[in-house]
Amino acid sequence: MKHPDFNQTIPIDEVGVTERVARLNSRSIKKDSKVQALKLALSMIDHTTLEGSDSPGKVIQLCKKARQPHPAIPDLPTVAAVCVYPRMVSVAKKELKGTDINVASVATAFPSGQAPLFMRLEDTKFAVSEGADEIDMVISRGAFLNGEFSLVFDEIAAVKEACGEAHLKVILETGELHTLENVRKASDLAMHAGADFIKTSTGKVSPAATQPVTLVMLEAIRDFYYKTDKMIGMKPAGGIRTAKQAIQYLVIVKETLGAAWLNKKYFRFGASSLTNDLLMQIVKQETGHYQSLDYFSND
Amino acid sequence: MSNTETKEATYKPTSPNSKLDFESVWEYAPAPQDSDFAEVKDRYELFIGGKFVKPSKGRYFKSTNPATEEEITEFAEATQKDIDKAVKAARKAYEGEWSRISAKERGKYIYRIARMLQERAREFAVLESMDGGKPIRESRDVDIPLVAAYFFYYAGWADKLEYAFPGKKPEPYGVCGQIIPWNFPLLMLAWKIAPALATGNTVVLKPAETTSLTALKFAELVKDCGLPDGVINIVTGAGQTGAEIVNHQDIDKIAFTGSTNVGKIIQKSLAGTDKKYTLELGGKGALVIFEDAPIDQAVEGIINAIYFNQGHVCCAGSRLLVQEGVADKVIQKLKDRLGTLIVGDPLDKNTDVGAINSKEQFETVNKYLELGVEEGADIYQAKCSIPENGYFIRPTLFTNVSQSNRVVQEEIFGPILTVQTFRTADEGIDKANNTPYGLANGVWTDKGSKIFKVGSKMRSGVVWANTYNKFDPTSPFGGYKESGVGREGGMHGLAAYIRN
Numbered sequence: 681m682k683h684p685d686f687n688q689t690i691p692i693d694e695v696g697v698t699e700r701v702a703r704l705n706s707r708s709i710k711k712d713s714k715v716q717a718l719k720l721a722l723s724m725i726d727h728t729t730l731e732g733s734d735s736p737g738k739v740i741q742l743c744k745k746a747r748q749p750h751p752a753i754p755d756l757p758t759v760a761a762v763c764v765y766p767r768m769v770s771v772a773k774k775e776l777k778g779t780d781i782n783v784a785s786v787a788t789a790f791p792s793g794q795a796p797l798f799m800r801l802e803d804t805k806f807a808v809s810e811g812a813d814e815i816d817m818v819i820s821r822g823a824f825l826n827g828e829f830s831l832v833f834d835e836i837a838a839v840k841e842a843c844g845e846a847h848l849k850v851i852l853e854t855g856e857l858h859t860l861e862n863v864r865k866a867s868d869l870a871m872h873a874g875a876d877f878i879k880t881s882t883g884k885v886s887p888a889a890t891q892p893v894t895l896v897m898l899e900a901i902r903d904f905y906y907k908t909d910k911m912i913g914m915k916p917a918g919g920i921r922t923a924k925q926a927i928q929y930l931v932i933v934k935e936t937l938g939a940a941w942l943n944k945k946y947f948r949f950g951a952s953s954l955t956n957d958l959l960m961q962i963v964k965q966e967t968g969h970y971q972s973l974d975y976f977s978n979d
Numbered sequence: 005m006s007n008t009e010t011k012e013a014t015y016k017p018t019s020p021n022s023k024l025d026f027e028s029v030w031e032y033a034p035a036p037q038d039s040d041f042a043e044v045k046d047r048y049e050l051f052i053g054g055k056f057v058k059p060s061k062g063r064y065f066k067s068t069n070p071a072t073e074e075e076i077t078e079f080a081e082a083t084q085k086d087i088d089k090a091v092k093a094a095r096k097a098y099e100g101e102w103s104r105i106s107a108k109e110r111g112k113y114i115y116r117i118a119r120m121l122q123e124r125a126r127e128f129a130v131l132e133s134m135d136g137g138k139p140i141r142e143s144r145d146v147d148i149p150l151v152a153a154y155f156f157y158y159a160g161w162a163d164k165l166e167y168a169f170p171g172k173k174p175e176p177y178g179v180c181g182q183i184i185p186w187n188f189p190l191l192m193l194a195w196k197i198a199p200a201l202a203t204g205n206t207v208v209l210k211p212a213e214t215t216s217l218t219a220l221k222f223a224e225l226v227k228d229c230g231l232p233d234g235v236i237n238i239v240t241g242a243g244q245t246g247a248e249i250v251n252h253q254d255i256d257k258i259a260f261t262g263s264t265n266v267g268k269i270i271q272k273s274l275a276g277t278d279k280k281y282t283l284e285l286g287g288k289g290a291l292v293i294f295e296d297a298p299i300d301q302a303v304e305g306i307i308n309a310i311y312f313n314q315g316h317v318c319c320a321g322s323r324l325l326v327q328e329g330v331a332d333k334v335i336q337k338l339k340d341r342l343g344t345l346i347v348g349d350p351l352d353k354n355t356d357v358g359a360i361n362s363k364e365q366f367e368t369v370n371k372y373l374e375l376g377v378e379e380g381a382d383i384y385q386a387k388c389s390i391p392e393n394g395y396f397i398r399p400t401l402f403t404n405v406s407q408s409n410r411v412v413q414e415e416i417f418g419p420i421l422t423v424q425t426f427r428t429a430d431e432g433i434d435k436a437n438n439t440p441y442g443l444a445n446g447v448w449t450d451k452g453s454k455i456f457k458v459g460s461k462m463r464s465g466v467v468w469a470n471t472y473n474k475f476d477p478t479s480p481f482g483g484y485k486e487s488g489v490g491r492e493g494g495m496h497g498l499a500a501y502i503r504n
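So the protein lines, in turn, are chains A and B. This note's numbering puts the first residue of the first sequence at 681, with every later residue one more than the last. This note's numbering puts the first residue of the second sequence at 5, with every later residue one more than the last.
Note that these hints are calculated values from the structure, not bench results. Bear in mind the structure is a predicted one, so any value in this text is a computation, not a measurement. Fair warning: there could be bad hints in the mix.
No farther apart than 25 Å at their CA atoms in a straight line, the calculated lysine-lysine pairs in the DSS-like style are these [unchecked claim]:
no.: 1; chain 1: A; residue 1: 907; chain 2: B; residue 2: 164
no.: 2; chain 1: B; residue 1: 353; chain 2: A; residue 2: 710
no.: 3; chain 1: B; residue 1: 387; chain 2: A; residue 2: 710
no.: 4; chain 1: B; residue 1: 61; chain 2: B; residue 2: 108
no.: 5; chain 1: B; residue 1: 108; chain 2: B; residue 2: 164
no.: 6; chain 1: B; residue 1: 23; chain 2: B; residue 2: 58
no.: 7; chain 1: B; residue 1: 227; chain 2: B; residue 2: 89
no.: 8; chain 1: B; residue 1: 23; chain 2: A; residue 2: 682
no.: 9; chain 1: B; residue 1: 23; chain 2: A; residue 2: 910
no.: 10; chain 1: B; residue 1: 333; chain 2: A; residue 2: 907
no.: 11; chain 1: B; residue 1: 353; chain 2: A; residue 2: 924
no.: 12; chain 1: B; residue 1: 66; chain 2: B; residue 2: 45
no.: 13; chain 1: A; residue 1: 738; chain 2: A; residue 2: 805
no.: 14; chain 1: A; residue 1: 714; chain 2: A; residue 2: 945
no.: 15; chain 1: A; residue 1: 910; chain 2: B; residue 2: 92
no.: 16; chain 1: A; residue 1: 964; chain 2: B; residue 2: 353
no.: 17; chain 1: A; residue 1: 774; chain 2: A; residue 2: 744
no.: 18; chain 1: B; residue 1: 353; chain 2: A; residue 2: 714
no.: 19; chain 1: A; residue 1: 964; chain 2: A; residue 2: 744
no.: 20; chain 1: A; residue 1: 719; chain 2: B; residue 2: 58
no.: 21; chain 1: B; residue 1: 333; chain 2: B; residue 2: 227
no.: 22; chain 1: A; residue 1: 945; chain 2: B; residue 2: 23
no.: 23; chain 1: A; residue 1: 907; chain 2: B; residue 2: 112
no.: 24; chain 1: A; residue 1: 773; chain 2: A; residue 2: 738
no.: 25; chain 1: B; residue 1: 96; chain 2: B; residue 2: 353
no.: 26; chain 1: A; residue 1: 711; chain 2: B; residue 2: 353
no.: 27; chain 1: B; residue 1: 435; chain 2: B; residue 2: 457
no.: 28; chain 1: A; residue 1: 682; chain 2: B; residue 2: 66
no.: 29; chain 1: A; residue 1: 964; chain 2: A; residue 2: 719
no.: 30; chain 1: A; residue 1: 924; chain 2: A; residue 2: 774
Covered stretches of chain B (in silico footprint by chain A; criterion: 3 or more residues with CB under 8 Å from a CB of chain A, positions within the stretch not fixed) [as the list claims (entries may be wrong)]:
no.: 31; stretch: 294-300
no.: 32; stretch: 417-428
Each residue gets a CB set at the ideal place from its N, CA and C atoms; glycine is no exception.
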C-alpha cells in the first residue's frame with residue numbers, strides 16, 4: 681500500500697478537539713443504556729498486571745478474576761484479555777485454557793523500547809512462542825521525535841512480521857509525544873506499518889490515556905478506514921479508573937466510528953482497577969445499592 | 005497564492021456516501037430534564053409600571069410548545085392604549101427615581117438581576133426549551149449562562165461610563181422601545197435591557213409572540229428584585245403591537261432584532277423622526293474551509309454553525325464554501341457526522357437538534373426544502389428518527405448548488421446547509437461576500453496569516469476563525485449591508501444607548 685508522506689503534518693486544532701470531547705461528555709447515559717455500557721466496558725478490558733514484582737502466583741490470581749469477575753452476578757461477560765510480561769505468558773495461557781479470553785503480552789523492551797531491534801524482535805518472538813495471542817509493542821519515541829519516521833515505520837513492520845498470527849497493538853506512548861499532531865502522525869505511521877490496534881500508553885508515563893488523544897486516534901482510524909476499508913482497533917490504556925470515564929470513552933467511540941467498533945475486537949481498555957468500579961456500578965444498577973469494595977475481590 | 009492551495013489533494017475517499025453505522029447495539033436511553041418544578045401560569049398579563057395589568061381590549065393569544073403542538077399558556081395582546089400606558093410608565097420612571105439614583109445604585113440593581121437569573125438558571129432553561137423548542141443542552145449551557153454574563157458585564161459599566169467615553173458626559177436617551185425575536189428569547193432580552201439600564205435608560209420591551217414566556221418570568225424576577233416601577237415594562241403581542249411601539253411619539257430610541265423585511269419597514273417608519281435606532285437583522289453566513297484546515301475540527305465547526313438552535317440563528321453559517329481539493333472528504337465526514345445528531349424532544353438532555361420554533365417557520369423551512377430540490381440541488385438528510393408530533397426537520401445538506409440558487413441567496417433560518425466549492429482564496433472571499441447580508445462568516449485554516457488576510461476582506465460584522473457561533477458580552481456584534489445598523493455588545497453596545 682502506498683503510504684502518505686510522514687514529513688507532512690496533518691493539522692489538528694487542539695481547542696476544537698477539547699470542545700468536541702466536552703460536548704461528548706455531556707451525553708447523559710441512564711438506565712438500560714448505562715447497564716449495557718457497563719457490561720460492554722467490562723467485556724473490553726485488557727486486565728493487566730505489569731509490575732517488576734509480578735510472579736506466577738499473582739498472574740494466576742489475575743486470570744481467575746478475569747474468568748469470573750464477580751460470582752454474585754452470573755451471566756457477566758468476562759474480560760477480553762489478560763495482559764502480562766512475556767515471562768508470564770505461559771502461566772496465563774495455561775490458566776485461561778478453555779476460555780475465549782486472550783493472552784496479551786507487552787514486548788519490544790517494554791516500556792522504554794530502548795533495546796536494539798534484534799532484541800526487541802526476539803522479545804516478541806519469545807512471547808508469541810509462549811502462546812501470546814496479542815502483542816503490545818512500543819514505538820521508538822526518541823526516533824519519532826527526531827524525525828526518523830522511516831526507521832519507526834520499518835521497526836513496526838518488522839515487529840508485525842515477528843508476530844506471525846498474533847495481533848499487534850502499537851503503543852504510541854502519547855504522553856511522550858506532546859502534541860496532538862504528533863499523535864495523529866504516529867497513529868498513521870503505525871496503521872500503515874501494519875498495526876491491528878493502536879494504543880495510547882504504557883501506563884508507565886504520565887499523562888497516560890486522555891480523551892482528546894483518544895479522539896484524535898479514533899479520527900485517524902476513521903480516515904484510514906475511509907481510505908483502505910480496513911478497520912483498526914483502538915486501546916486507551918492507563919488512567920481509566922472509573923466506570924464513568926469508561927462510559928465517556930464508549931460515547932466517543934460510538935459517535936466517532938459507530939457500531940462496528942463497539943466490541944472487544946476493535947476496542948479495548950488497558951486497565952487494572954477499572955474492573956472493580958464497573959462491577960460496583962453494575963451491582964448498584966441491579967440492586968439499587970452501592971456495596972463496599974470489600975465485597976469485590978481485588979484480584 | 006500559497007502552496008497549500010495548489011497542492012494536489014493526497015486523499016480521496018473510496019466511498020462517497022456515509023458507510024459508518026451509527027444506529028447500533030447501544031442506544032442512549034431517554035434522559036428527560038425534570039420540568040415539573042418550573043411553574044407556568046394559565047395566563048400572563050402585561051407588565052407595566054411594576055404591576056401585572058390586563059390588556060385594555062381584553063384579548064389574549066395562545067402560546068404552544070412546538071415540540072408537542074400543545075398549548076402551554078396564553079399572553080395578553082397589547083394594543084395602542086397599553087403601549088401608551090407602558091411608555092408613560094417608562095417616562096415617569098425615567099424622569100423620576102431612575103434619574104435620581106446614583107450610577108452605582110443603578111449598577112447594583114443590574115448585578116442583582118444577574119445573580120437572581122443565575123439562581124433560577126435551570127428554571128429559565130427549562131421554560132425556554134418548552135416554549136421555543138431549543139434543546140435543553142443549549143438553553144442550559146449557552147442561553148442562560150450568557151444571559152447572566154451580559155447582565156454582569158453591563159452592570160460593571162453602569163458607574164464607569166465616563167471611562168468608556170472619555171471627554172464627554174454620557175447621557176441616556178430616555179425611553180427605549182425594544183423588539184426582540186424568537187430564536188434566543190431571553191438572551192436577546194438581555195442584549196437589549198442590560199446596556200439600556202446600565203446607561204440610565206428605561207425600556208418598553210416586546211418579546212416575540214411565539215416565545216414570550218421567559219420574558220414574563222423575567223418580569224416576575226424584576227418585581228422580586230425591587231427595581232423601581234416602570235424602569236422595565238414588558239408588553240406582549242404580534243407585529244401590530246411592535247408597530248405601535250415603533251410609531252409611538254414619546255419613545256426616544258428603537259432597538260430591533262429580527263428579519264430584514266421588518267427592519268426595512270421600521271427604518272421607513274422612523275425616517276424623518278428624531279428617534280435613534282439600532283437594527284440587528286438577517287444573515288447568510290459563509291463558512292470558508294481551506295485545504296490546510298484541521299478537517300475534523302472544521303466539520304465540528306460546521307455542525308455548530310448551522311445546526312445550533314435548529315439553524316434559527318441570524319448569524320448562522322448556512323453556506324459552506326469548501327476548497328475543491330478537500331470537498332469530497334469534508335462532505336463525506338459531514339454526512340457521517342449528521343448520522344450522530346439526535347433530533348427530538350427539546351427537554352431530553354441528549355437532544356442535539358430540537359423543534360422548529362413555530363408552525364409558520366416550519367412551513368417556511370419546508371418550502372425551502374422543496375425549492376432547493378426544484379432548483380436542482382442534491383438533498384441529503386440525516387437518517388435520524390423524528391417524533392410524530394411537533395415541528396421537526398431533519399438536518400439537511402444541499403449539494404450541487406450555485407450562487408444563483410435561491411437557497412444559496414435567501415435566509416432560510418432552519419437546519420439547512422448549502423455546499424459550494426472554490427479554488428482560490430480570492431474566489432472564496434468573493435463568494436462569501438456575494439450576498440446582500442453581512443453579519444458573520446467563518447474561516448478554517450491552519451495558517452494564521454491566512455486568517456487575517458481572508459478575514460480582513462470579508463464584509464461582515466463578525467469573522468470567526470476555526471470556530472463558529474461563539475458569543476461574549478465584551479465583543480461587539482452587528483452587521484454590514486442588509487444585516488443591520490449599529491452594534492450590540494461590548495463598549496459599542498453602550499454607545500448605542502447614550503446621546504452623541
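Structure-based check of all given hints:
1. 907/A <-> 164/B: violated (59 Å)
2. 353/B <-> 710/A: Since the Cα atoms of residue 353/B and residue 710/A sit roughly 11 Å apart, the hinted pair holds (cutoff 25 Å).
3. 387/B <-> 710/A: At roughly 24 Å apart (the allowed maximum being 25 Å), residue 710/A and residue 387/B satisfy the hint.
4. 61/B <-> 108/B: violated (40 Å)
5. 108/B <-> 164/B: holds (9 Å)
6. 23/B <-> 58/B: violated (58 Å)
7. 227/B <-> 89/B: Between residue 227/B and residue 89/B the Cα gap is close to 18 Å, so the pair holds against 25 Å.
8. 23/B <-> 682/A: holds (23 Å)
9. 23/B <-> 910/A: Given pair residue 23/B, residue 910/A holds - Cα atoms ~13 Å apart, limit 25 Å.
10. 333/B <-> 907/A: holds (10 Å)
11. 353/B <-> 924/A: Distance ~17 Å between residue 353/B and residue 924/A Cα, so the pair holds.
12. 66/B <-> 45/B: Holds. Residue 66/B to residue 45/B sits at ~12 Å (cutoff 25 Å).
13. 738/A <-> 805/A: holds (24 Å)
14. 714/A <-> 945/A: With a Cα-Cα distance of about 21 Å, the restraint between residue 714/A and residue 945/A holds, given a limit of 25 Å.
15. 910/A <-> 92/B: violated (73 Å)
16. 964/A <-> 353/B: Holds, at about 23 Å.
17. 774/A <-> 744/A: OK: residue 774/A and residue 744/A at ~11 Å, within 25 Å.
18. 353/B <-> 714/A: holds (15 Å)
19. 964/A <-> 744/A: Distance of about 23 Å is within 25 Å: holds.
20. 719/A <-> 58/B: violated (59 Å)
21. 333/B <-> 227/B: Violated - the C-alpha atoms of residue 227/B and residue 333/B are around 55 Å apart, more than 25 Å.
22. 945/A <-> 23/B: holds (19 Å)
23. 907/A <-> 112/B: Violated, because 60 Å separates the two Cα atoms, which is more than 25 Å.
24. 773/A <-> 738/A: holds (14 Å)
25. 96/B <-> 353/B: violated (45 Å)
26. 711/A <-> 353/B: holds (14 Å)
27. 435/B <-> 457/B: It holds: about 15 Å lies between the C-alpha atoms, which stays within 25 Å.
28. 682/A <-> 66/B: Answer violated: residue 682/A to residue 66/B is near 65 Å, above 25 Å.
29. 964/A <-> 719/A: With a Cα-Cα distance of about 13 Å, the restraint between residue 964/A and residue 719/A holds, given a limit of 25 Å.
30. 924/A <-> 774/A: Not OK: residue 924/A and residue 774/A at ~33 Å, beyond 25 Å, violated.
31. 294-300: It holds, with 4 qualifying residues against the three required.
32. 417-428: Violated: only 0 residues of the stretch 417-428 of chain B have a Cβ under 8 Å from chain A.
Comparing the model with each earlier hint shows violations of hints 1, 4, 6, 15, 20, 21, 23, 25, 28, 30, 32; every other hint is respected.
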